[in-house]
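Participant: We have chain A; now place chain B onto it with these hints.
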Amino acid sequence: DAGVIQSPRHEVTEMGQEVTLRCKPISGHDYLFWYRQTMMRGLELLIYFNNNVPIDDSGMPEDRFSAKMPNASFSTLKIQPSEPRDSAVYFCASSLQQGTYTFGSGTRLTVV
Amino acid sequence: SQQGEEDPQALSIQEGENATMNCSYKTSINNLQWYRQNSGRGLVHLILIRSNEREKHSGRLRVTLDTSKKSSSLLITASRAADTASYFCATKHEGGGNKLTFGTGTQLKVEL
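In the order they appear, the protein sequences are chains A and B. With our numbering, the residue at position 49 of the first sequence is 49, and numbering never jumps. With our numbering, the residue at position 14 of the second sequence is 14, and numbering never jumps.
Here chain A stands alone, though its shape is the one from the complex (with noise of 0.2 Å):
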């Protein structure tokens, strides 16, 4: 199995652009996780899919973040206009049931 897929590996945007970041999971897991990661808050869950479905988005900093999971084998986060605080590593995960997480090699967003 090739892992989690994360694209693009990096991304620099200009503030007030749309950003969209894709995951593909591993094939068979049936969770899927976004997290972000700075230096200031560390690793933050944004929001986790269940069979495709949103469970729990709470930590999803604002409006201007959405998440889709249209099937199990893809996912998108979506920055909606884009501000430079947005600038972080964001990381894709993926378990089967409730097992272990098993991580993407995450994309750097850069928002200048």
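Since the hints were derived computationally from the structure, they do not count as laboratory data. Among the hints, erroneous ones may be present.
Here are a few chain B residues that sit away from chain A, every Cβ distance over 12 Å (derived from the structure) [as the list claims (entries may be wrong)]:
(1) P8
(2) S12
(3) E17
(4) T20
(5) K26
(6) S28
(7) R62
(8) T64
(9) D66
(10) S68
(11) K69
(12) K70
(13) S71
(14) A78
(15) R80
(16) V110
Cut-off 20 Å, straight-line C-alpha distance, at most; resulting in silico cross-link-like pairs (SDA-like, lysine to any residue) [said to hold, decoys possible]:
(17) B:K26 to B:S71
(18) B:K92 to A:D56
(19) B:K92 to A:L45
(20) B:K92 to A:T100
Taking CB as the label site, the calculated pair distances span [unchecked claim]:
(21) B:E17 to A:T76: 42 to 52 Å
(22) B:S73 to A:L96: 20 to 30 Å
(23) A:M40 to B:N30: 25 to 35 Å
(24) B:E17 to A:E62: 44 to 54 Å
(25) B:D66 to A:G3: 32 to 42 Å
(26) A:Q98 to B:S58: 13 to 23 Å
By construction, the Cβ of each residue, glycine as well, lies at the ideal position given by its N, Cα and C atoms.
Facilitator: Same frame as chain A, now just chain B:
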């Protein structure tokens, strides 16, 4: 916030020495997990200990859990330069669904 605290924040040791990292958390847990993160990479699961367990071993790793003190420790024996990474504890809390809350991390540097 349920985020755990880890100490020390940074640890530098010589190859062959043992490294001990500590984690404290705030509310009752179902299990506690340790993850490693190499620079610029995603997190990798190392070991899981359930709330009814006190100690667990995996290769050179030894984890202890004291639920009365709400704390855990990770011991890496006979450290190697390849162990250089950040180490995070993560807790799954009772009533918290399938989400993991990550600690602040310990940066370990193992020098030759």
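Participant: If a hint holds in the structure, say so; if it does not, say that too.
Facilitator: Here is how each hint holds up against the structure:
In this structure B:P8 is separated from chain A by more than 12 Å, as the shortest Cβ-Cβ distance comes to about 15 Å. Every C-beta of chain A lies more than 12 Å from that of B:S12, the closest at about 19 Å, which supports listing it as non-interface. Residue placement check: B:E17 keeps its beta carbon more than 12 Å from all beta carbons of chain A (closest about 27 Å). The non-interface label for B:T20 is consistent with chain A: the shortest C-beta to C-beta separation is roughly 21 Å, beyond 12 Å.
Once the 12 Å rule is applied to beta carbons, B:K26 is consistent with being away from chain A; the minimum gap is 15 Å. The claim that B:S28 is not at the interface with chain A holds, since no C-beta of that chain comes within 12 Å of its own (minimum 16 Å). No beta-carbon of chain A is positioned within 12 Å of the beta-carbon of B:R62; the least distance is around 18 Å. The Cβ of B:T64 sits about 19 Å from the closest Cβ of chain A, beyond the 12 Å cut-off, so the non-interface label holds.
Here B:D66 stays apart from chain A, with its beta-carbon at least about 22 Å from theirs, past the 12 Å limit. Distance to chain A confirms B:S68 as a non-interface residue, since its nearest Cβ pair spans about 25 Å, more than 12 Å. Every CB of chain A is more than 12 Å from the CB of B:K69 (nearest about 22 Å), matching its label as outside the interface. The claim that B:K70 lies off the interface holds: its Cβ sits roughly 18 Å from the closest Cβ of chain A, which is beyond the 12 Å cut-off.
Even its closest Cβ contact with chain A, about 18 Å, leaves B:S71 beyond 12 Å, as expected for a residue assigned away from the interface. Taking the minimum C-beta to C-beta distance to chain A, about 25 Å, the non-interface status of B:A78 holds against the 12 Å cut. Every beta carbon of chain A lies more than 12 Å from that of B:R80, the smallest distance being close to 22 Å; the non-interface claim holds. With a least beta-carbon separation of about 22 Å from chain A, B:V110 lies farther than 12 Å from that chain, consistent with its non-interface assignment.
Distance check on the hinted pair: B:K26 and B:S71 sit about 9 Å apart at the alpha-carbon level, within 20 Å; holds. Distance hint between B:K92 and A:D56 is fulfilled; the C-alpha atoms sit about 14 Å from each other, no more than 20 Å. For the given pair, B:K92 sits about 12 Å from A:L45 by alpha-carbon distance, which is consistent with the 20 Å threshold. For the hint pairing B:K92 with A:T100, the CA-to-CA distance comes to about 10 Å; that is within 20 Å, so the pair holds.
In this structure the hint that B:E17 and A:T76 lie 42 to 52 Å apart at CB holds, the actual value being about 45 Å. For the pair B:S73 and A:L96, the beta carbons lie near 28 Å from each other, so the given range of 20 to 30 Å is met. Remark: the range hint 25 to 35 Å for A:M40 to B:N30 is upheld by a beta-carbon distance near 28 Å. For B:E17 and A:E62, the hinted distance range of 44 to 54 Å is satisfied, since their beta carbons lie about 46 Å from each other.
One distance hint, 32 to 42 Å for the beta-carbon pair B:D66 and A:G3, holds here, with the actual separation near 34 Å. As the Cβ distance of A:Q98 to B:S58 is approximately 20 Å, the hint placing it in 13 to 23 Å holds.
Going through the hint list in order, the structure satisfies each hint without exception.
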